[in-house]
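Trainee: Can you make the complete structure from the sequences, with help from the hints?
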Amino acid sequence: MLFNLLALATLAVLGSVAPGPTTALSVESHNFVRNGQSPRHHHAAIARRQTTSRARRCRARDTSSPASSTASSTTSTSSSSSSSSSTVATTTSAAAATTSEAASSSSSTSKTTSKSTATAAPAQNYAGSAKACITYTGDVDVPKFVSGSNKVACVMNWSSWKPEWMGQIKDAQFVPMYWGSKQNDDLRKNVVAGFAKYVLGMNEPNQDGQSKMEASDGAALWKQYIQPLKSEGYTLVSPAPTNADSGLTWLQSFIEACDGCTVDHIAAHWYGTDPDNLISHLTTYHNTFNRPIWLTEYACQDFSGRNQQCSSDQTWAFMEKTQNFLDNTSWIFRYAYFGALPDDAMGGVSTVNKLINSDSSPTALGRKYLGI
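Quick note on numbering: the sequence shown equals residues -24 to -1, 1 to 348 in mature numbering (1 follows the signal peptide of the UniProt record, and there is no 0).
Honestly, the hints are just simulated from the structure, not real lab data.
Computed from a prediction, not measured in an experiment: that's the story for all the values here.
DSSO-like cross-link-like pairs, simulated, lysine-lysine; straight-line CA separation at most 27 Å:
1. 158 / 188
2. 120 / 344
3. 173 / 146
4. 206 / 188
5. 146 / 165
6. 206 / 158
7. 188 / 165
8. 173 / 158
9. 158 / 199
10. 206 / 173
11. 146 / 206
12. 188 / 199
13. 206 / 165
14. 173 / 127
15. 173 / 120
16. 146 / 127
17. 188 / 173
18. 199 / 165
19. 146 / 344
20. 127 / 344
21. 199 / 173
Mentor: See below:
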């Protein structure tokens, strides 16, 4: 009897100290490591001091879209394949026409908020300038990957830890991100005057498993951590929501709640299979907020659960049409394809979207993205 009681007590103690379950979507499961510690998910260290900051996408996203197609729909990609040779307008006036066409379809959802003191940036034409960014994680040699390209404008890694090799990439800037509240200390430590020129807000705050938060909470964090950087010379880029219906609504609510805030540029993510829907989605964002747009994640990827994934040919056509639009539209400031990542860091995005090989050389799609 005494033996049985002792055994039960031992099991109870062991159970109380056993590690709890770790969700693959938690911030702790992100792909970055710090100070050379053993990486999660078998990722190698990519910088001397880097923080955990990028969650995997382990389940399908909500990418439902309204009838006006202002958010992504995951329709068959046959149309995008057949239209791979179509040309997107390359002048400011043509881009404005595209904006005008989408305005009528998005007017029901595109309210303009007025409580924020953030005013629209002066109209500038960014068409033809270098805009492509590299989002990376894992043991990849980014300088080798981008060698020979004159299209790269920035490097991002879902954190504020700048890689030591940034100086090897001519004319490219590191853009730190405030992923969410778990990076408060990192942001304050790293992002100081002269460290960078731009800072990105929270990552997918409308999405479970990412930096999920209410718009009012996002506004409070912005006021505390991001807004002070304006006086340090930074251009402040909004949180980047997903292309689910909730994304636009969240961002509108955020700007309305962030009374007295500065939001210089607007960021967005987009995953889907129809390039025309991507163009419509970004046009809606531009019409709504009247600021330069950053597309900080996008790929030819179906997250609807219907498994209508892009083939290699369809991905190529998708890249051709979307990059032509992004490069030559006056109000697109930066964009970043997902991604320059190892296979095990693709986070549910089909590997047909990979830009980089295991030896850090660009794939065929990567060469197209880099213009080499």
